[in-house]
Amino acid sequence: MKRIIHMLVLSCKRATELTEKKSVFQLSWNEQLQLDLHTKICKCCAIYQEQSILLDKIIRHQKMEISKFKPVFHLKNETLKLSIIHRLDEQIGYDYETQPSKFLATIS
Amino acid sequence: MNENSADINIAKTIKSWVLLYFDNLYSWAVYKTSNKESAEDLVQETFLAAHQSFDKFEGKSDPKTWLFAILKNKITDYHRKQYRDPGARAERQNQYVSGVLFISLFNEHGEWRAEEVPEVWPDESDHLLDNPEFNSTLQQCLKNLPPQWFSAIQLKFLEEKKPDLVCQELGVSQTNYWQIIHRAKLQLRKCIQLNWFNS
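Heads up: the protein sequence lines correspond to chains A and B, in order.
The opening position of the first sequence corresponds to residue 1 in our numbering, with each subsequent residue numbered one higher.
The opening position of the second sequence corresponds to residue 1 in our numbering, with each subsequent residue numbered one higher.
Hints may contain errors.
[Claimed, not checked] Calculated lysine to aspartate or glutamate pairs in the DMTMM-like style (CA-CA distance at most 20 Å, straight line):
id, chain 1, residue 1, chain 2, residue 2
1, B, K12, A, D89
2, A, K57, B, D23
3, B, K36, B, D23
4, A, K57, B, E45
5, B, K15, A, D89
6, A, K40, A, E50
7, B, K64, B, E91
8, A, K57, B, E159
9, B, K56, B, D7
10, A, K81, B, E115
Worth flagging that the hints you see were computed from the coordinates, not collected in a lab.
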């Protein structure tokens, strides 16, 4: 029976394909029916489907935490930090060079 | 004079933000791009953009939220570019990697190979969401994906637009998009099976 479904309806490879397609786009009526039939009979692909949804949930959960992001590993990069500060200073400096009169006005 | 002292004040504010928020933004960028050099560029661009468009900030939101929003847009652009133009060499490699992946998982009839059949993950899998050790394994597995696949996965979760619109804007077909997501997910699941559940 399982083999017949595989041959007539959907292979496991194709079932995993539809599972992932479904996670991004809507399946056609026919594709949805094929996938449902397949996962009813094929336990492996039902498990795959469950795990795929769980992984999406975990990745999405990580995304939610932008504002209260607590990194698993904390990275530092003092060199870059200083270079950005330096560039910000330079940007003001650039203004002084092109507009010397204004610069003089600020220090007078 | 007013204009210039305002400029200096803006620069001072941005500099104080660099000191306060740099570590967080940088860690997040590395986390989301899996690439230190790109993260460096993106964070630098974020502060410079904040400096240039400071008038849009208006003190209405929390500076950290505002900076993260700018960075998030830059990271999304980065992934769009990396997904759309992986380069000819990467494209050939990706073809090869997916060939190997499909052969290792499925037999010639498209059935799971006996040693690759997905098995039920233990009950604790529900608690994986907040498990830092698991998250670090997941991060490592994401990092091991070919860059284009990694970017496709990131786009799926970063983009707020509908996927069909994203594809349209990027000029790629929907089929191309979900096929890459498919390969990436098969690879990711396998990596997690091996490095978390089997180890």
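- Message: Would the hint linking K57 (chain A) and D23 (chain B) be met if the CA-CA limit is 20 Å?
- Response: violated, 27 Å
- Task: Measure nothing beyond the straight line between the CA atoms of K36 (chain B) and D23 (chain B); if it is 20 Å or shorter, mark the hint as holding.
- Result: At roughly 13 Å apart (the allowed maximum being 20 Å), D23 (chain B) and K36 (chain B) satisfy the hint.
- Distance restraint between K57 (chain A) and E159 (chain B), which requires alpha-carbon spacing of 20 Å or less: holds, 15 Å
- Message: With the threshold set at 20 Å, check whether the alpha-carbon distance from K64 (chain B) to E91 (chain B) stays at or below it.
- Response: Judged against 20 Å, a Cα distance of about 37 Å means the pair is violated.
- Message: For a C-alpha distance cap of 20 Å, please report whether K56 (chain B) and D7 (chain B) respect it.
- Response: Distance ~14 Å between K56 (chain B) and D7 (chain B) Cα, so the pair holds.
- Query: Is the straight-line distance between the alpha-carbon of K57 (chain A) and that of E45 (chain B) 20 Å or less?
  - Reply: violated, 30 Å
- Query: Within a Cα-Cα threshold of 20 Å, do K12 (chain B) and D89 (chain A) meet the stated pairing?
  - Reply: The hint holds at about 9 Å.
- Message: With the threshold set at 20 Å, check whether the alpha-carbon distance from K81 (chain A) to E115 (chain B) stays at or below it.
- Response: Judged against 20 Å, a Cα distance of about 49 Å means the pair is violated.
- Satisfaction of hint between E50 (chain A) and K40 (chain A), Cα-Cα up to 20 Å: Roughly 13 Å separates the two Cα atoms, so the pair holds.
- Message: So if I understand the rule, the pair passes when the alpha-carbon distance is 20 Å or less; does K15 (chain B) with D89 (chain A) pass?
- Response: holds, 9 Å
Of the numbered hints given earlier, the model fails hints 2, 4, 7 and 10; all others are met.
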